[in-house]
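**Student:** Following the hints, position chain B against chain A.
Protein chains: 2
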Amino acid sequence: MGLLKILRVNLSKESIKEEEIEQGDFIGGRGLGVYIASRELDPKVEAFSEGNKIIISNGPLAGTLVPFSGRCNVTSKSPLTGTLFSSNAGGMFSYELSKTGYDVIIIEGKSNDPVYLKVGDDSQIVNATEIWGKTVFETLEFFKKTGLEKGKVACIGPAGENLVRFANIMVQGHRAFGRGGLGSVMGFKKLKAVVLDGSQHKKKKFEELARELRKKIKRISSPLKTQGTSNILAIIQEIRSLPTKNFQHKEFENADMINGDALRKYTLRSDTCYSCIIACKRITRSERYGIVTDGPEYETLAAFGSYICNYDIESIIKANDLCDNMGIDTISMGSAIAHFMEASGKWGDYELAHELIVKTAYRDGIGDKLAEGSARFAKDMGIEAIAVKGMDLPAYHPQGLYGQGLAFVTSNRGADHLYSSYYLEELKRKDREALSKEKIPEIIANENKNAILDSLILCKFSRRFYSIEDFLKLLSITMSRDISEEEFYEMGGKIITEERRFNFKAGITKEDVLPSRISIPGLKEALREYYLLRGWDKEGAPK
Amino acid sequence: MGLLKILRVNLSKESIKEEEIEQGDFIGGRGLGVYIASRELDPKVEAFSEGNKIIISNGPLAGTLVPFSGRCNVTSKSPLTGTLFSSNAGGMFSYELSKTGYDVIIIEGKSNDPVYLKVGDDSQIVNATEIWGKTVFETLEFFKKTGLEKGKVACIGPAGENLVRFANIMVQGHRAFGRGGLGSVMGFKKLKAVVLDGSQHKKKKFEELARELRKKIKRISSPLKTQGTSNILAIIQEIRSLPTKNFQHKEFENADMINGDALRKYTLRSDTCYSCIIACKRITRSERYGIVTDGPEYETLAAFGSYICNYDIESIIKANDLCDNMGIDTISMGSAIAHFMEASGKWGDYELAHELIVKTAYRDGIGDKLAEGSARFAKDMGIEAIAVKGMDLPAYHPQGLYGQGLAFVTSNRGADHLYSSYYLEELKRKDREALSKEKIPEIIANENKNAILDSLILCKFSRRFYSIEDFLKLLSITMSRDISEEEFYEMGGKIITEERRFNFKAGITKEDVLPSRISIPGLKEALREYYLLRGWDKEGAPK
Chain A
2 MGLLKILRVN LSKESIKEEE IEQGDFIGGR GLGVYIASRE LDPKVEAFSE GNKIIISNGP
62 LAGTLVPFSG RCNVTSKSPL TGTLFSSNAG GMFSYELSKT GYDVIIIEGK SNDPVYLKVG
122 DDSQIVNATE IWGKTVFETL EFFKKTGLEK GKVACIGPAG ENLVRFANIM VQGHRAFGRG
182 GLGSVMGFKK LKAVVLDGSQ HKKKKFEELA RELRKKIKRI SSPLKTQGTS NILAIIQEIR
242 SLPTKNFQHK EFENADMING DALRKYTLRS DTCYSCIIAC KRITRSERYG IVTDGPEYET
302 LAAFGSYICN YDIESIIKAN DLCDNMGIDT ISMGSAIAHF MEASGKWGDY ELAHELIVKT
362 AYRDGIGDKL AEGSARFAKD MGIEAIAVKG MDLPAYHPQG LYGQGLAFVT SNRGADHLYS
422 SYYLEELKRK DREALSKEKI PEIIANENKN AILDSLILCK FSRRFYSIED FLKLLSITMS
482 RDISEEEFYE MGGKIITEER RFNFKAGITK EDVLPSRISI PGLKEALREY YLLRGWDKEG
542 APK
Chain B
2 MGLLKILRVN LSKESIKEEE IEQGDFIGGR GLGVYIASRE LDPKVEAFSE GNKIIISNGP
62 LAGTLVPFSG RCNVTSKSPL TGTLFSSNAG GMFSYELSKT GYDVIIIEGK SNDPVYLKVG
122 DDSQIVNATE IWGKTVFETL EFFKKTGLEK GKVACIGPAG ENLVRFANIM VQGHRAFGRG
182 GLGSVMGFKK LKAVVLDGSQ HKKKKFEELA RELRKKIKRI SSPLKTQGTS NILAIIQEIR
242 SLPTKNFQHK EFENADMING DALRKYTLRS DTCYSCIIAC KRITRSERYG IVTDGPEYET
302 LAAFGSYICN YDIESIIKAN DLCDNMGIDT ISMGSAIAHF MEASGKWGDY ELAHELIVKT
362 AYRDGIGDKL AEGSARFAKD MGIEAIAVKG MDLPAYHPQG LYGQGLAFVT SNRGADHLYS
422 SYYLEELKRK DREALSKEKI PEIIANENKN AILDSLILCK FSRRFYSIED FLKLLSITMS
482 RDISEEEFYE MGGKIITEER RFNFKAGITK EDVLPSRISI PGLKEALREY YLLRGWDKEG
542 APK
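Line by line, the protein sequences give chains A and B. Numbering-wise, the first sequence is residues 2 to 544 according to our numbering. Numbering-wise, the second sequence is residues 2 to 544 according to our numbering.
One chain only, chain A, in its complex shape (with noise of 0.2 angstroms):
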């Protein structure tokens, strides 16, 4: 805002811009259409001339619920009193205008023949011989019969295009930028009508779908709604494929101690991201540490939990807080303590991880290695590093869930079950540790349909909500045209193959691999197969 957007019209010319202007304090509708006219409309000019201008300005709240304020203006040198003229009139017409993206139009010159002026994503200047002569009654069925309704149509009837010198533009049919004769300046210019046909005003559009979807959400019961995300826990240990160890094994024998059940005695409420209706968030409290926060989140209670062989849930709590306040990724962080367990031996000992944390952060003693991140870390150390592309894994282990292994391996910014959720849909599956063929054009779905998430930006949690064909409105919406299932993917690979592109740029071609603590069979296959589909070459890099 601030900016307004101007759509200016020559019809002698008959050329159609778009420029913009600052709001300053003319704040709009009158004021604006006077400050224009004080600056490009001579005093002198005849109201019936090339050179007299219609200067349709909305407010700026127009499109909003502010009772009152559904009214548009338009200035303009009178016929009339020969004046400067400013009108304004209600009904639809600003809330359409809002639509169009546009917050003034400016009409200059004359046409030769009679013409209508179509403003919206395909502004036009359309031949209007087929309805000179018409009324206005007559003028809005002609619209309404190629789908404008007659809040959209601004005309003038008989008295305009006779030059009557108090002839309206009508608005609606029965409304009217009425007194000063501004119809019969249209019609010395040949100008029929202006017809708004606008799908810019995507925020509206936006809050509409939302009350449908809010409505669709607050109807569907889900454990996020009452335990978070630290719901998930249990299933994936049920599914036996929760880290533990450090990767060394997939099943937590304590896993009970830090499930969602356990975290409830700690939660006080929940919380919320803006416009949510889920507050998947837990504030929690430990009384031995004495603080309150945020958290954990289900990949905290694994990362500071079966990771590194703790049990204890009020650390993990303590852990998370510590984590905040430093600064720091908390998946990274437990991974990397759990590579440091590993070196060490000294598993379980939530203390020092405690102590590990703050000594990463100011890069104290170990700390400064740790810093480095579980990759170089445990290059220095000696030991295997448990990263795809230099990041940790999340708290889906691969061993159980095999096209998430595999999906960890194609993401371009390292091992992630954000990148590809494909967990949530092998879960459901027999089958998940085995690499069947059909599982990778399901899993590129998935890496475009996040892709196309982060892009409009929605939560991953959306996926349990909302239909292909919400997530498809909302992109029609924000494109202002209708996307197809299919474009929908295509559009999010797109934005893959761009990311690709960039890190082949930077060097990164040959780090699509598990680190080989995790053996998936048939997975190079499954990658080659990959690249295939996405239309790479056989070694993953874009043409």
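These are calculated hints, taken from the structure and not from any lab test. If a hint is listed, it holds; no wrong ones were tucked in.
Identical copies carry no separate label here, and so any pair may be met within one copy or between two of them.
Mimicking DSSO-like on lysine-lysine, the simulated pairs with C-alpha atoms at most 27 angstroms apart in a straight line are:
#1 380 x 360
#2 111 x 360
#3 216 x 205
#4 205 x 217
#5 45 x 506
#6 380 x 45
#7 539 x 45
Predicted model only: the values in this text are computed from it and were never measured.
**Tutor:** Quick look at chain B alone, frame taken from chain A:
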């Protein structure tokens, strides 16, 4: 929309500038971040180098109520993975960013001293020596003291400052742009925090205020809701100001045949402008003429009623519909016919009136002369025109409302009850037929207020429901700063002076006069006083 607004900040050059980018197929968020990076970030750049950039990008849904959309994206080259890295965080940050008016913040270069970036109406790079070394929670406390709540703050802790390769950018204390170590990119740039303090997200603020205003308006009972504008007729007749027989009289003996009560039996339902909850428009039906149509409003009831001595209300419904279909102004048309009837003596002939409407629109016979408007028509016929600056008087007879009479004269666009609605205040006074000195500043204030209403654009009826505080709130949101009552009126005055300047340049210099049929004692002196208070010269010209 369509165009996205970028704030580009270079920490090395200490420069901040605004740019724009067309919203293409990259959607927003991650897609947009990847697109910008692919165009302007060297893939071979070191993550810890002056050449790396931090791209903060909102999604197209930011600030809407679409559930799951409360997230913001950051894209940069990761010091952990070496890849392009996009990460998004929840909380209030995306909402706060949407309030700054920027869709994207691009941070380039590297500062020598610790700084933080403030983004809003007055974006700036601020020295942060005082908070360098502080933890995340301490940093939030620092900003809280300056009035910035945690939802507006993205910052790094010691981990970011010390280039821990998995340091996060923390949002709202416990949320994170996580995983890729982007906090350490901020640390390398000596950028402690990005704080958002925007007030540009006006639509949002308008909607919040709208909710209050709607509640308030619902509670207020008003004849506008039940009768529409037709309710005014009986009141104006009562105070003896209803223009009758082309302003020869100010009472109409048959007023009760054409007032709000009379119209009720032809009324089907009410109708409304976008976002209004008054619904003052009446949809009426005339069986005699076989029409369902909008209106007539009060002005039309008078113009085709008392102005021409016609008390057949159905004929007024028909006249209104005819004017709409021809695209002609009902006040000017009724008044022009009144002039014709005065010249011809054919008072009250409504069939003639209907005929003259069509003849005027098509400039057929006498219609060709009427089409020039009452002022030119009267001159032609050798009778006096009841108009100011060529525009016909609306239905408030100045002989019963002296203050409104002065306001008709001063109006920059001719005799007009919408330019100044002083009659609404004068109605409540006993000294309506006087021009006491105190009325003059009141008229000026009224004109100034209407100029603001016309610029915000608010329907004049808002005056009956909104307090001055309500108007100040709406204007303050629009201007992104607190507007005092004094400034409110001053801003309106500036618009009026600008209009007058245009008119004087146009040669309209001596037209602040009432028709001689109307005699208001002391008008000349009052006009001089008015010019003086306006700061104009003795001829009414702005200096």
